[in-house]
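If you're matching them up, the sequences are chains A and B in order.
Everything in the first sequence is counted per full-length UniProt numbering, starting at 1 for the first residue and increasing by one.
Everything in the second sequence is counted per full-length UniProt numbering, starting at 1 for the first residue and increasing by one.
These are computed hints drawn from the structure, not numbers from a lab.
Everything numeric in this text was worked out from a predicted model, so none of it was measured.
Heads up, a few of these hints could be off.
Copies of one chain are not kept apart here, so a pair can be met inside one copy or by any two copies together.
As the list claims (entries may be wrong) - Quick list of in silico lysine-lysine cross-link-like pairs, PhoX-like style, CA-CA up to 25 angstroms:
id	residue 1	residue 2
1	609	124
2	174	609
3	134	609
4	123	174
5	134	123
6	609	619
7	617	123
8	699	124
9	617	732
10	174	732
11	124	134
12	732	699
Next come the chains, spelled out residue by residue.
2 protein chains.
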Amino acid sequence: MDKEVVGEVRVPAMGGDGENNNWHNGPMLGSFDDGLSDVIPMLDEEKEGEPDRLYVSTNQSTVVTVDKDDDDDGLSRPLLVRRKTMNLTSQIAIIGSNVCPIESLDYEIAENDLFKQDWRSRKKVQIYQYVILKWTLALLIGASTGLIGFFNNLAIENIAGFKLLITSNLMIEKRTYMAFMTYASCNVVLATAAATLCAYVAPAAAGSGIPEVKAYLNGVDAHSILAPSTLFVKIFGSIGGVSAGFVLGKEGPMVHTGACIANLLGQGGSRKYHLTWKWLRYFKNDRDRRDLITCGAAAGVAAAFRAPVGGVLFALEEAASWWRSALLWRTFFTTAVVAVVLRGFIGYCRSGNCGLFGEGGLIMFDVSSSLTSYSFPDLMAILSLGVLGGLFGGLYNYLLDLILRIYSIINERGAPWKILLTVCVSVITTCFSFGLPFLVSCRPCPESLKDSCPTIGRSGNYKNFQCPSGQYNDLASLFLNTNDDAIRNLFSGGTDNEYHLSTLFIFFAAIFFLGLITYGIAVPSGLFIPVILAGACYGRIMGTLLGSICDLDPGLFALLGAASFLGGTMRMTVSVCVILLELTNDLIMLPLVMLVLLISKTVADCFNKGVYDQIVKMKGLPFMEAHAEPYMRNLIAGDVVSGPLVSFAGVERVGNIMHALRLTGHNGFPVVDEPPFSETPELVGLVLRSHLLVLLNGKMFNHDRVATGTSELFTRYVASDFAKAGSGKGLKLEDIEISEAEMEMFVDLHPITNTSPYTVVESMSLAKAAMLLRELGLRHLCVVPKVPGRSPVVGVLTRHDFMSEHILDMFPNIRSLNRNDVRTAVSGTPLSGPTDPSGVESVSND
Amino acid sequence: MDKEVVGEVRVPAMGGDGENNNWHNGPMLGSFDDGLSDVIPMLDEEKEGEPDRLYVSTNQSTVVTVDKDDDDDGLSRPLLVRRKTMNLTSQIAIIGSNVCPIESLDYEIAENDLFKQDWRSRKKVQIYQYVILKWTLALLIGASTGLIGFFNNLAIENIAGFKLLITSNLMIEKRTYMAFMTYASCNVVLATAAATLCAYVAPAAAGSGIPEVKAYLNGVDAHSILAPSTLFVKIFGSIGGVSAGFVLGKEGPMVHTGACIANLLGQGGSRKYHLTWKWLRYFKNDRDRRDLITCGAAAGVAAAFRAPVGGVLFALEEAASWWRSALLWRTFFTTAVVAVVLRGFIGYCRSGNCGLFGEGGLIMFDVSSSLTSYSFPDLMAILSLGVLGGLFGGLYNYLLDLILRIYSIINERGAPWKILLTVCVSVITTCFSFGLPFLVSCRPCPESLKDSCPTIGRSGNYKNFQCPSGQYNDLASLFLNTNDDAIRNLFSGGTDNEYHLSTLFIFFAAIFFLGLITYGIAVPSGLFIPVILAGACYGRIMGTLLGSICDLDPGLFALLGAASFLGGTMRMTVSVCVILLELTNDLIMLPLVMLVLLISKTVADCFNKGVYDQIVKMKGLPFMEAHAEPYMRNLIAGDVVSGPLVSFAGVERVGNIMHALRLTGHNGFPVVDEPPFSETPELVGLVLRSHLLVLLNGKMFNHDRVATGTSELFTRYVASDFAKAGSGKGLKLEDIEISEAEMEMFVDLHPITNTSPYTVVESMSLAKAAMLLRELGLRHLCVVPKVPGRSPVVGVLTRHDFMSEHILDMFPNIRSLNRNDVRTAVSGTPLSGPTDPSGVESVSND
């Protein structure tokens, strides 16, 4: 075996130190470190008649040498050059310093003896326990999320309603200054409270939360995403933020809230306060928790939009990265529970027990249009609505990205700055919403109206706003309402001339602007409502403009406009469609909504990614995409393995393990058996850091290098000892104290080694390896050598190794290679023909 | 390398011939063939206090020896015993005879030089071609399916309507006998026509088609599932069958029709008639075709139920085995097109241009109940409805299974018997539907009714059926209508006393019985309609019975009853829920429908599997389940590898290849390079049979064992030559003529070898290997040795090797092992402690 000892850790030769690269068998791979790191040798084609194939690739800071005369040797010369000083961005490169606090989740079942023992020893009754508990947890998640969703609504409707009522009353009494001061101070106080909570208690609670949940379900365990403190701030911050009149929604935060609740329930209380429960031990693994959190996210959407089917589809389309049929079934149950709970509470509130909360059944915006058919001009109008909506959506994403980057500079300065920023935005929002209605003139109330006009209460379509009796201010009807009521007003049908075109333009511009500057402040803020609001307004504008051509209701146009904006920013299709249908209770609209969504998404996809993907990327979360990047087809698994690999023997010296754990941040270590435990060195499997810590803490050591076996382990441990650790709540390395004498003893790793790790041969194309990691939700992927006679494992691939930043750092010129460049084949057979590898487009992968 | 020559094919030693089993390293595996095949040695536990752990497993025809005194050695004794005469059921066991005509589909991208070359040489314009074509095909699939769906409806409504109109008129004229003869002869003629078409032209068109589509999307390519002849018969057979008054639906056949259309369009015409198109060459692979067929299945549901969102969900929940986010988006587009097309046609028909076809917009059964709230007794009533519905659903599945088994005996006798059976069922159905209404007495028309009563036309709620004027026969209103109209009548609200309880009981019993005996006859027959019909009737019965306790509308109860039956038989949740919502346009019902579905599915799941899964199993289609069987955790990949393995050298003698192709039915062969092409034997990759045939047909042979390389290949072939073959339309072995001299020549396999096959180490647990195969949609899985120094590949696992029949045949005692039995660990480390492996329950896998 090809090993060398670095410190006391045995490190098989892997990259980084030139002379050990003999494990590469392709001609290109043999010359990684021959000093060509910044020179890209090119070669021309033997084939004639294709002059366009002679291509010179230029990198920004790279000298390109085109070696035209070197025909034959050129074919065995490298084109892809590995950076010599590699691994600068790798979190495992700087040994011992875990630069990145983000860990992956472990969805793979660690099939070690311990697991097998535990699994087999489960009795029938325990299996029933598990199944019952699984459904009970789904029930609890649904019930709690529904409860909190209702509580949120209740609090917001009451606080905001009270605020608006006072303001409105003062306005009627013509005490305009007093009204403004009341309104502004309410807003600023609420905003400051929310921002303070968020900035000091749980910074992770800021923003929508959907990108974080999405990343978590992709396998990224960023710090405190789902902590109880985040849950607390998410609930109360969201209430404060929405009540403060910001242009933001409670929908995104509800998704995050649902996920937090699921996480909390899945943990089964807190070990800190000794609140654990024996039954919950089966859920102390990432797989089951992932399922629970998927249910939680679905429940969140269901509670926010009162859309149970939409919630399931949202979890499927946007949130989850892995999906099983059983999960569909369980999320469906959870959202059904949410719907029942919400319905119960709303029924209770109908009798007037809930203060200012009163309106609405399960359907929030009851459009119930009288649409029966549509003509060709209508379709054309809808097409143009979709195209424009897509353009606006793309623009929205672009601007949001820009503003978030600016805000991050401010926010990084500390909590006081965050609060200051929030207060500034609050003041701007207040001024806009109170000041702008003065710009428009009063409009006479339409005749033959069922509703009262002007409305005196806190909501309603026709706000008085100091207009003479019998008249109303249409802009105030939109601004001096909660966002939900504003949307309801915009969606309302049969009110063709309710809003003047100039009013709609002013409102659209204001909301578009306010929505952009609001996301990014230190308050839980959803994106759905601003987008729907802007979209509905845009749709109504289009409807008013196109009123002469087509005879669709402007309320209907508002709905389609909202759909087009949602399609343009979120890039979701089926789930948004179903959510909108459930929101508006109007199935007849289905084909139109589908059409608009498809068009706007298609248009916007030409410009940038969906807003949540953008935020995930900006936050630096290592998200594994569903398909591999095209350039990965030109690399093999062995190419990106970044060293040094730390592996253990089946029975390892305690000191070696401690040293390795201290020195590296690795979470999985290959275990290699050597004589006398096996005839030749062979890969036993993979051992997890958390399991090692528990084992070391137990100090079941031997003086000799002997296999103690599983039985002795079981006298000391039960499987749940390891499982607890596996859930990330385990021991820390610093907690373990091992004496000098113990350091020289041996410990048997076989019982805790996962003997069935997924492996790939080093010559497998990176794209395929990435698919394997992604589809099966792996954390570690062992790379085994193609040719025997070397170490039985050449490296471990993790999520990090598939990130484009990492790969592009290792192979700086790979992006600049295009289809016409040449790379010698990795297959080991030198090609002598006119090959033109290195395509950058993926074709059959989408 | 450990090889021996059988005939002229080099076969590495693998199972089957005892002495070569040295590649097993576990103690248990080393003694496969030591004569213990039918003896299961047991051993007791060392652990005290658990006497129940001493367990004797008995197999039906097995002598069990419990070796109680053999404590220590027992642990290293085998418990799992491989059958000595193994592989009897394996399709590759009897060499040369391909006993099973079912092939797997190949979803993996064969990353050979040819593919790489083709992929890289694609220009930007070709990629746009591909993308445009992909969407165009989705559009075409949607449009064609919508068109055919409409055509189906039009034909059925006209034929059945005409039949019912004549019968009804004759009845009014009191010519009862004449009416019966007309009705019966119409039915029998239509049934005979449909059965003849089905029995002689395309037997694969019989039945629902959903199980076949489901199996196809799982990767099973059974004979002529999606052939054009099947499409033809499916359309016209379905029209005949439904018009003939059978208790069957057109919904399942529509799904199959959609899939057939997608397959046909994806093929891009026929090569037989020289109708191919260059652009379509990119679709000549199983991956793209799978996506198209998923779209087709979704379009089918969308067209059948006029439920676009339901179609997408159906494709996701029931049909597809693999799902990608991009697919959601494309199926959504397809179903949107279907909805628009249908809507257009229905709008056209409103003006009365379509004969007897007239009713209904996009919503088929417009319930539009006035439900606003429900009380606790209502919920209790609904709960019991769900439980009973689940019981009935389970019973339905059980009886259907039984009847299908009886029918298969009749159907296997040949086409005339099939037709005879169909005619018999037709006569029974006719007698029931015409005769039973005579049993009930006439009922007076309700007062204050908007509809005319009795109705004279072909549909309507109140059929006269020789009743005096002002009265109607309620059973005739259900029987002498199309199934769609009968459902509409049952769903109709505000008609509390329209149907007498005895009428409903008679109808329910008759429909339940007829539905059961109808599925399985040689006519395209959907299951949705019989189940909805029986369920709606059952719901109305419950509604009438529980009318005193709760005050829900009986039409609403009918809807919930239909939901409970659908949940109980199909076991779908979200998709059925959405389909029902889209059918009835009643979102308020959502939580209730969800609840009923969940309960009935849960209840029915206690008894048996869903009806489609049952049929898939009965048809013997090798369906890969989403999770591995629990006993697979006790096996390793190496255990189930069934030999003999046939591999080729990188440059192979033509004679060897021809011999291997003739001798085996294998579709993939590992390619192993040996000196001088590599230093040690190494696995180059996998070569496909279809590619080999094309290569051999080209006769690009050499006299010497030299690598010709890729360039020469490209002078002779373009990539699409191989792709066409890859789509299963390629050459046959018999077409290739190779002279004796050519047999002794050599051919270079490197350019067509997929160099990145997925591999597993032989010691990986079978459950994990199964997940790999299933999740990534593989056809071949190479098993590589754990310890070097042997052949670099020990076997190839295919779908077949994971089928429980195959595994249980190899290890006959594995089922009888329960959790308390002992199997020595596979990990190579003998256990010395109280282990109790071999559990049969999966816990964390669901």
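Consistency of the hints with the structure:
1. 609 to 124: Classified as between; 21 angstroms across copies, 48 angstroms inside a copy.
2. 174 to 609: Neither: 48 angstroms inside a chain and 71 angstroms across chains, both beyond 25 angstroms.
3. 134 to 609: Between copies only: 21 angstroms across, 36 angstroms inside.
4. 123 to 174: neither (75 angstroms within a copy, 70 angstroms between copies)
5. 134 to 123: within (17 angstroms within a copy, 51 angstroms between copies)
6. 609 to 619: within (15 angstroms within a copy, 45 angstroms between copies)
7. 617 to 123: Close neither inside one copy (45 angstroms) nor across copies (30 angstroms); limit 25 angstroms.
8. 699 to 124: Neither, since 33 angstroms and 62 angstroms both go past 25 angstroms.
9. 617 to 732: neither (30 angstroms within a copy, 51 angstroms between copies)
10. 174 to 732: neither (65 angstroms within a copy, 92 angstroms between copies)
11. 124 to 134: Answer is within; shortest intra-copy Cα gap is 15 angstroms, inter-copy 50 angstroms.
12. 732 to 699: within (15 angstroms within a copy, 66 angstroms between copies)
Figure legend: structure checked against the earlier numbered hints; hints not met, in rising order: 2, 4, 7, 8, 9, 10.
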